[in-house]
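Student: These are the residues of each chain, in order.
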Amino acid sequence: MSERSYTQVGTRPVRHDGLDKVTGRANYGADFSLPGMLHGALVRSPYAHARILSIDTSAAASMPGVKAVVTGKDIAETSAKLMMGEGAIDLHDVGDNLLAHGKVLYHGHPVAAVAATSLDLAREAASRIKVEYERLAPVESVDQAIAPGAPILDDKLVTAGQPSSAPKGPTNIAGRMELRRGDLDRGFADADLIVEREFRTAATHQGYIEPHACVARHGQDGQVVVWCSTQGPFAVRDACAGILGIDASRIKVIPSEIGGGFGGKISVYLEPVAIVLSRKSGRPVKMVMTREEVFRATGPTSATKILMKLGAKRDGTLVAASASLWYEAGAYRGSPSGAGAMCCFACYNIPNFFIEAYDVLVNKPKVAAYRAPGSPMVSFAVESLLDEISRTLGFDPIEIRLKNAVKEGDRAPYGPAYGPIGFRQVLEAAQAHPHWHAELGPNEGRGLACGFWFNAGMNSSATVMLNSDGSAGVITGNPDIGGTRVAQALMVAEELGIPVERVRPTVADTDVAGYTDVTGGSRVCYATGAAVIEAARDVREQLRARAAKIWNVPVEKVGWKDGQAVPQDGAGDQKPLSVVDIAAKLSHTGGPVIGRASVNLPMAGPAFGLHICDLQVDKETGQSKVLRYTAIQDVGKAVHPSFVEGQMQGGAAQGIGWALNEEYIFNRDGVMENPGFLDYRMPVASDLPMIDTVLVEVPNPLHPYGVRGVGEVPIVPPLAAVANAMRDATGIRYTELPLSPPRVLEGLAQSD
Amino acid sequence: MAKVHFSSALSQHTGVQEITIDAPRVRDLLDALARRFPGLETQLAGMAVAIDGQIYNDADYQTLQADTELYFVPRLAGG
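Sequences listed follow chains A and B, in order. The first sequence: position 109 = 1513 (the working numbering), numbered continuously. The second sequence: position 30 = 50 (the working numbering), numbered continuously.
Hints were generated in silico from the structure; no laboratory data involved. Ideal Cβ placement from N, Cα and C applies to all residues, glycine included. Among the clues, some could well be false.
Below are the DMTMM-like pairs computed for lysine to aspartate or glutamate, each with C-alpha atoms no more than 25 Å apart in a straight line [to be verified]:
#, chain 1, residue 1, chain 2, residue 2
1, A, LYS1425, A, GLU1407
2, B, LYS23, A, ASP1587
3, B, LYS23, A, ASP1814
4, A, LYS1656, A, ASP1497
5, A, LYS1485, B, ASP72
6, B, LYS23, A, GLU1582
7, A, LYS1560, B, ASP72
8, A, LYS1572, B, GLU61
9, A, LYS1811, B, ASP48
10, A, LYS1811, B, GLU89
11, B, LYS23, A, GLU1812
12, A, LYS1485, B, ASP78
From the structure, some residues in chain A lie toward chain B, with a derived Cβ separation under 8 Å [as the list claims (entries may be wrong)]:
#, residue
13, ALA1743
14, TYR1774
15, GLU2116
Only chain B is shown next, with the shape it has when bound in the complex (with noise of 0.2 Å):
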């Protein structure tokens, strides 16, 4: 089971800060938090995905294991 944090401004979105998803894969756990969140999609279109610490810009296809935790934060890359 995957642990997402949410920040507090997601969490105004999904009235909670955080849950554990079951999923194999990040587009699985966002496939999921859509359903269970309506609008929440479109608040975590474009965002990067912090993996147990790495953020990827591009993380639909990463694994999660049963301990992942997981962030969603803005994508960033600098100048």
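Pulled out of the complex, with its shape left as it was, chain A reads as follows (with noise of 0.2 Å):
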């Protein structure tokens, strides 16, 4: 891709929705009322495993001021399927998730709803709805699952991608792939150093700081609205038309500012219970979940159990690798263990490899994605065994990583060559920083680890409307989480030749947006980006129409340039109009200017990521704390470079949480024993240094500007890059995260 320059990509305006957002004055899920507006709230299983006998609502309908109770049997089963990211949905358990119908999967499980006129008397009603169970045994981990004679949560359930010859019969496994290369045997019996180990991470949840909200009213016409906090309105909208057999025009998702997603506000929890739950009382019916029932009954990312090795040559050519990745999927099919099997060895040439990866079912909540899907996992474990290598042999770990690093024209290990790629440059650019060269004190470790996403693509719509005064306004359907309504605006600006603060960008809902997928997959600057500039550029072809009109010309004879309609082809000595001049006369031209555009673009092009963390660890009391950190990534283009900047630091942030604090803890019945930010301990800015950030552009080729996407690559390095530090800082490997102190402590006591 040639150098373009740019007027106003790269700049780094204030965006147009903070304001509002830092004074309080923004509108999430929670904010949203109407009048007349009911309460709901959901009965939930308190057994993480039980056979539903029955439910018994009648002391709970009969009270005053309760207007609706609905259980299971409100929501008919389906067959459905929705496509939607990660393939088919299937919204058979999507719909089971929202309210179960025979049996309660995990602890948390709704089983029964409640509207009433405040939300105090709708859970004292809730808590009068008797259902009896018949308690089952909670299987509880991976190790549970695949053992012999365990529980079966579906007796119906058939492993998918199986070899064909392999066994049938009741079992909790829901998939199973596998990729391979090469010879794996020779790999190994090639290599001069073989390094293998178990590595095991927990669950953990997105930590959204805004619970899961909504409003929902459905009007006696059979039109419905709802009000909610979501990364994808299309999504709920379709969802919510699936699972209720709704006509998707009869719904109309309006979306609120989203206080954070990060992949786990794509699946409906509330939203057709609420439908529901006003269908029957004739009243818009609002959810709002706590805190607790975030941690409890949405979705944390898989807990895994990884087998890993490596094999190397003397001079640090890695020859072999295996992989089996065991990934918890909760109570229903789905974990990103497939995507972990492509990111696993994503990085680097590898001659021969086998690598497995299982999809496995456990009494805890449906997993939900969460910022690069399956890959920070299988990171913590290929990055560990490197660094382990690379100490062993002797070898910088820079310098081990790049002599194995793909580029441009290697293949990936789910098959398909590279395009243009960034990694080496990424590489080279943690050589060159003065992080990677500084002195480290007494008890401190430095660790380095890299990480790969492959960045989505898919539909997005976008229209971009040209005022009188020339100013304009840019619509899409992404809820904007990362900065992109500014970003958007910066695009529209590049292409028309305007301020960007002369462009609004405004989020629609779903009678008024252009279908679009998610916010998330790190594509909304990608692909709704493509569409913008697009849509954009229609506006532009419509001006330079105008101009011929204004000038009495064909419009061959008008170019475009700087922002100016400019006369060519022996045109004459126009003046020059502006988008300002044009737009003044868009009334005696042909009416309003109206852009539009559709895409359905393919993945961009992956992007890679090197972390460095600095850690120092207090061994009396296992505490440790991170110094210093820097993340260099290859964002393709930075549209507005501090928004990159700030998906970087933020991935990086939560993935230092993962790897430290982070993490489910059950008991032995299945329940969560730490559902509060008290008990689950999230990253805080006291707990963080600042995070330095470098980027590295490689320009994506898809893309007009080159953008490459950003937002989940930053998650994957941190969980081997603090472990490394750890490894640096105590001279102990450890294999399981989070690294709390307890555990920490453990591994120095076992060292002594």
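Grab the two chains, each in its own frame, and use the hints to assemble them into the complex.
Tutor: This is how it looks when you write it as structure tokens:
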């Protein structure tokens, strides 16, 4: 891609939604209310695994002020599927997760819901619903799930993707996939050094600050409106339509501002229930989760068990690798084990490998996507082993990675050759960074790790409207999580040659915006951005035509330069017309100008990141502190560098939390014991240093500016970067996360 | 002739790791594969297609060149 100069792209204007958000004026999911609105409350299972024998709602339904009570019977089981993101979403499972039908599959699984005139009353009524259960033994880990004689969550489950010769029968293994290349036995036979470990990572939650919230209104005419906090208003609309058997045209979803999602606000948890309660009561119904409900019943990411083996030659060349990946899916199929397999060795050229990945049901909440789903866990394993190899063979960690790093033309482990990628440039940037060469103090260690993610494409639409004063508006359907409004405004400003402050970006509802896939997959600036650019160019072409009309020349004789229509090819010595000039004459030249575009783009082309972590470890308490942290990443092209840096810093912070403290802790009955931010310890600002960032820009040829996608790669390297720093500081190779003080102390005690 | 590569899991259904097929578009190629390998269609349902390195979730009407290289990979989005 040729170098292009920009007037707006690459600058750092204040985001259009910034003031509202820092002053508390912005409206989030729970802020919305309607006259006559009821409040909904859910009845949740007290058991992790049980059969529902009966539900008696009579006492609740007879309470004054209770307007509707629903159970699984009110949401018919469906066989519908919804194509979205990671393939077909089984709406049967999503529906059963909303309100259980025959069995409860995790502690906190909803079994009934109430709508009443106040939240207190709804909760009181919910407590009076009598549910009779037959308790079943819970399955709490991969090891339990695959043990002979294990309790089976779903008698009808068939392992997807398994080899056709594999045994059939009741199982908790929902899926299996494998990838292989070369001759594994020969590869390991050729290796001078083989390292092999078993790694484990805990389930961690996306930890968005804003809980799930919605208001639903089901009109007597069958028209439905849903106000909610979501990463994908169209995904909510289509899921509600599929689960409830309502035509999509009868549902309008209005997204609120969103207080974080990270993949966890794509699925529906409340909206269809609120619609059914509203239909039954004839009044709008509001439902807001408590933090405890968010932890107990919305998607964490998978806990994993990973067995990995790497073989290297004495000169540092990797020659063989094998990995067995076991990912907890929670109560229904759909862990990101397949993505884990594809990411596993994606950073390195390894001629011989075998990867198998399993999707395993356990009695825990159904997992949801979480930033680069599946990738951080495998990166923890491979980058830890690579650290081990570089130490044993006496290599600099960057040098050994450079020796094996993939480049354009090399094959990804899942088959295709890479296009232009910037992994080597990222490694070289790390090599040159002062952090890598800084001195360490006592009880301090430094770790480095790399990470990979694909970056999605998918469907996006955009509309750009020109106003008569030369300002413009841009409408898309992606809730703004990471500064996408201002990025889209920058793109319009760049294409039209007007100041970014004169572009108003709007996140619209499903009746106004063209169909657009979710805000996720690092796709918004890439795919929706491409649609915005195309829509702005559509406006520009229309402006050329308007200029031709003003000058009374054929449109071919009107060029466009520096934000102005200019005469060309003998159009005379007309004075160039700016956007403002042309906009002022819109009514005289044909009426309003509206540009639009819709795209369905391939994946953006992968991004690679590298993080460097300095850790100080208190060997008496096991507590550790991140002293210095640097994140380096190939971002393609940074449209608004501040928000690109923010994505990298946020991902790093979440990954550090995953590495050091965050974990779901269950008791033997399968009950989460730490469902609050006091006991589920996420890093806060005072826990972390300023996270330094380095943006490497290797343009992605699939985007007009080279945008590659940013938001997910940054959570991939921290797990291993922190663990490698811990190894450097303590001499101990920890293979299980989190590295909380008790675990660190245990390792130190064992090493004494 | 497009060259189609099968993952080790898919090659358990096809018996081969790669095959060349003359097809103008991905949809035609999928139809040809279904005729040649009964049951494979079920395995490929919902998969993304990598065409010369570019991964499409919805590729049915993408055109194929004479030397196109094609892989089937799981659909991915992210978080």
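Student: Mind checking the alpha carbons of B/LYS23 and A/GLU1812 for me, to see if they're no more than 25 Å apart?
Tutor: 20 Å, holds
Student: So if I understand the rule, the pair passes when the alpha-carbon distance is 25 Å or less; does A/LYS1560 with B/ASP72 pass?
Tutor: Distance ~39 Å between A/LYS1560 and B/ASP72 Cα, so the pair is violated.
Student: Keeping to a limit of 25 Å between CA atoms, is the pair of A/LYS1572 and B/GLU61 held or broken?
Tutor: With Cα atoms ~21 Å apart, A/LYS1572 and B/GLU61 stay inside 25 Å; holds.
Student: A closest beta-carbon separation below 8 Å is what the hint needs, so does A/TYR1774 meet it against chain B?
Tutor: With Cβ-Cβ at 5 Å, under 8 Å, it holds.
Student: Measure nothing beyond the straight line between the CA atoms of A/LYS1656 and A/ASP1497; if it is 25 Å or shorter, mark the hint as holding.
Tutor: Holds, at roughly 23 Å.
Student: Within a Cα-Cα threshold of 25 Å, do A/LYS1425 and A/GLU1407 meet the stated pairing?
Tutor: 36 Å, violated
Student: Just to be careful, I want the Cα atoms of A/LYS1811 and B/GLU89 compared with a cutoff of 25 Å; is the pair within it?
Tutor: The given pair, whose Cα atoms are some 18 Å apart, holds under the 25 Å limit.
Student: For the pair supplied as a hint, B/LYS23 and A/ASP1587, confirm whether the alpha-carbon distance does not exceed 25 Å.
Tutor: 22 Å, holds
Student: Under the criterion that the straight-line Cα-Cα distance not exceed 25 Å, is the pair A/LYS1485, B/ASP72 satisfied?
Tutor: With Cα atoms ~29 Å apart, A/LYS1485 and B/ASP72 exceed 25 Å; violated.
Student: Would you mind confirming whether the straight-line C-alpha gap from A/LYS1485 to B/ASP78 stays at or under 25 Å?
Tutor: 16 Å, holds
Student: Under 8 Å is the threshold here; is the Cβ of A/GLU2116 close enough to any Cβ of chain B for the hint to stand?
Tutor: 5 Å, holds
Student: Go through the hint on A/ALA1743 and say holds or violated, using the shortest Cβ distance to chain B against 8 Å.
Tutor: 6 Å, holds
Hint check: violations occur at hints 1, 5, 7 and 9; the rest are consistent with the structure.
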